[in-house]
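Trainee: Protein chains in written order, with our numbering: chain U, 1 to 483; chain A, 1001 to 1377; chain L, 2001 to 2254.
Hints were generated in silico from the structure; no laboratory data involved. For glycine and all other residues, C-beta sits at the position ideal for the given N, C-alpha and C. Heads up, some of the hints might be wrong.
[As the list claims (entries may be wrong)] Which bits of chain A does chain U cover? Going by a derived footprint, with three or more residues having C-beta under 8 Å, they are:
id : segment
1  : 1121-1129
2  : 1137-1146
3  : 1268-1281
4  : 1315-1327
[Claimed, not checked] Simulated coverage check for chain U against chain L, where a stretch passes if three residues somewhere in it have a Cβ under 8 Å from a Cβ of chain L:
id : segment
5  : 161-170
6  : 235-246
One letter stands for each residue in the lines below.
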Amino acid sequence: MTAAAPKKGPAVEPGGFPLNEFIVFSLIGGIVVIGIISAVIAGATPKGILTNLGFYVSVAIIFSVLALGFNLQWGYTGLFNAGIAGFYLIGAYVAAIAITSPAPPIVVGDVVVYPGHLGGFSLPLVVGVLLAMVAAGGAAAVVALPALRLRADYLAIATLALAVTLQIVTRNAQNITGGAIGITSVPPPILFQGTDASFLNAITMVGIGGFVLFALLVILQFMSESPWGRVLRDVREDEEATMALGKNTFSYKLQAFALGGALMGLAGALYAVTLGYLSPESSFAPAVTFSVWVMVIVGGSGNNRGAFVGAFLIYGMEWLSVQVRDQAASGLAANYLLMSVLFIALGVGALLAVLAVQFVGRRVLDRRRAWLLIAAILGAFGAAPAALGALPIGWCFALFVLLFGFAFVVDRAKKSRRARAGIYAAATLYGVGWAFILLQQLAPNAVADSFFYIRLMIIGALLILLIIFRPEGILREKKRVLR
Amino acid sequence: MARPRSRLSALRPTARFRAQLARAGVVVLVVVGIFGTLTLAFGISVLQYALGGMVISSIVIVAAIGLTVLYGIRGFANFAYGDIATLGGYVALVLTFGGISLVLGAIITFLLLAAFGVFLEFAVFSRLEGRGVVAPLVASVGVGLIIQNGIRAVAGTQKWLYPVTLGQDFVIVPGLGIHPIRGILTLSVGVILVVAAHVLLKYTNLGKAMRATADNLELAKATGIDTRRVTYAAWAVSCSFASIAGVLLGLGSALSPTVGFESLLLIFAAVIVGGIGSPYGAMLGGLLVGMSQEMSVPVLVWLERPDVLGLQFGANYKVAVPFIILILVLIFRPWGIAGRKPVFAPRAFFLERITRSLRERPVSSEAVAADREAGKS
Amino acid sequence: MATSPLLTVNAVEKAFGGIRAVDRCSLDVAPKSITGLIGPNGAGKSTLFNIIAGLYRPDGGEIWFNGTQIDGLPPYDIVGLGLTKTWQIPHELRNLTVLENVVLAAKGNSGEHLLNLFFRPRAVKQDEKQWRLRAREILKLTQLDNLANEHARTLSGGQKKLLELSRALMSDPTLVLLDEPVAGVNPALTGSLMDLIERLRREGRTFFLIEHDMNVVMNRCDRVIVMHQGRKLAEGPPATVKTDPTVIESYLGG
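Only chain U is shown next, with the shape it has when bound in the complex (with noise of 0.2 Å):
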């Protein structure tokens, strides 16, 4: 649950290190890492994990799928659409509605358990995700035409009262979509038995998905830097001057909307074959949308790979606050002691690192010497709890490797200004634990919940964060030049 590493990114070095993406991308990991931590804590299978895993990926490619789709529509175009949710929404429940067998009601004595759904047509899947990609597209360009011309506030606003319009549709209108049950059972594309089917399930997906994928980051690279994507990027930089250019600009923007949409259709058919139901609560909210809009802005507007790797990142953390939620917690409140014990370690160790740093540092002129001598110093510190058999072995290790990270930061405090931010985050993350361990002894369910709603915060930060500090995102991206 600790990371030493900031989470604001710092300044770009033009040509060096990159910094930026080091950082992001060892965030993924460390989002995958604690995510099986936690599994093992819990004690699930290798295959488990791997299930659990895969299941990370593919959602997380669903929500790239999306923010591509966003990039297209505001990245590219400058479309601000506040009712992604909306479209994603309608590619959903139409591949559900085509693929899906006969569901007719269910009805015990009087009572209407499930209100059946339109449906049994049960078509091929290909055919399932290209009529939901048809139908977002068709809409989001019925919903262009009168709303392109919009200021993008207002454009933001119309967008979400579609989609919010949309979920109260699909919760009200229970002979179609099944009503706020949903719909319940969507066939996966091929159908495995026996014990290994969900591993199995989770390997096609995430085949199929990766295929999706990197199809699409092809075909959106090839049609961005094209004489259309040309336009589209001047559209956004000067509608008026494009205009006077001779272009249509009008039809670009439906273009690219229309487009946006069909994508978010895309991931909405394969979010309905991944989880293999659907219903139009919690899958479907706003805050969905402000989710992608995240992803977007952490990556970069108009930055493809950002979009993508962004998406990984704001649903590792979701997947991750799950993992931790459901997993770990139970094995954190029995672990509480251990728990506890690790950061008392964690304390004394950074107090001794900072003091290791200091005194070695003037000491010892030899940098490399120096630095031998403060691993030794903190090694013998890390053992030492499993010498004494108060914490396990690989803990302790973790504990070394945690450590040592935090002396060479420590060390570069004086010049860096990263450096002092990083260890305002350490710290600020070692008192978050805390209030952890000591709240989980206190109401031990809370704890487990709340992380849940400190990540919705923690995006709700980054958003602000990022719009007031870097509005062009976290990850940079390469310029092309027409010669």
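Fit chains A and L to the given chain U structure using the hints.
Mentor: Then chains A and L, alone, in the frame of chain U:
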């Protein structure tokens, strides 16, 4: 030299005011017309719905005034507004835990949230000045996320009730009842706040400064108005009105972390229909939006009948009615009832093409030249 | 005046709020001419150009170009018919290079249509190559070819004006509306620019230009139209207009 006008003629309202009055009159006529038709068609239950609509309208009006003031002066759509209202509701709740009565708690909340609004401008939004319309919108979404999930993390997702005994509906006429707290209190608070807003805007210097800034920021700065102070005042008014709306919402149903956000679009609808930046427009818009939501219920119930449309759960669609109105207004008249058509409105070539083909009068260039020769130019 | 005019503006009016920028203005531009449009500030010249080019919709009146009625048409259709306009304040696309700016103005680049990208990739490549060559030719004419790969934001004011002209020429126009084409351009460059315009006129194009530089107007224009307070005040050969008392009064008094 023109003939000097008599003193009385100076009292005549200006042309623009007359136009606005005419527009408001049209709206009122439309509302009364719909009212009358529905009562004739569906009976006295219509008046019950109307009363319910008035109650909802009061909450929406209070919220909309706050939002429109901020929108007009600061120039962006505050997507955190609903969550700020929720925050107000919860703060008042916490105060009641401390033994303070709800009324006193509401007043304290009013002041606390005003300070919170100033803090938001100082900490976040002042850094986004001049960055266009999208940046502060996105930042406000972030603020809203933090507030809403902070409330969830601290207070949980369950619903909370104010420690007020609710009592029974007060019956006016058989078939027409109003709840003392949910109905009468809400209406009264709404009226009080509307009057307060009116007094503030019309009769105080600060109010005049606020109206001037909302109308034309550059001109206000040029005439020496301290727009910084006006901005902070706008945030204070906005968030404090939001907090009262939150308390009223909590009284009306129950307090949950999403109670404000669920009403956000409704409030936006009221603001846009009424015209951004115009508090009086917000009042009209809130009335229209609230009433249309409630008054659509009998129509929707009628649509549920299998011989008409067989619509399931028709009444649940009532919340979609204001959204439809909002979308229609955005398409055809984005500046709302009280707004003015911007001089450089973007051309809607698509709509123009349709209207042009509808009234095409072919004119030949020879005819034009002939006209010119005849000296008609 | 034997030939019919290329451009006919008939009783065009446009008001912004309470201000009548163009007040029932009527004028003609003859084909293959260099016609000047002058008048004091606020006479409505740029507004009229924007209306002709389709950026504003006139409140009344008609505009005829080459036999087609163009008032109310969107700008992209008007460019397609052969009428382009340059901007008084250059609207260069800052993040593109000079070459990209000019290539953008090409009429009928197949790569700009989405379906062509996938179904006719060879045609797209051909077109792109051909248009880049043409753009370089035009840049050579306007003496910007050595700056072809520079970003447009690095250009000086005069160079941006040249870029405007290059873009206008790229779409092979019949009539070019030039809004102060030499404002801010040094005299030597002004001379070569007007020489270029003269040469293009001999090739068959028509130029209608707004200018405040009286040397240019008097020495280079065949006819001059004077606008004042939104309508045509006078017109004729430069010498006549220069000595017209109403014209002089409008400049001094207006």
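Trainee: For this structure, which hints from the list above don't hold up?
Mentor: 5
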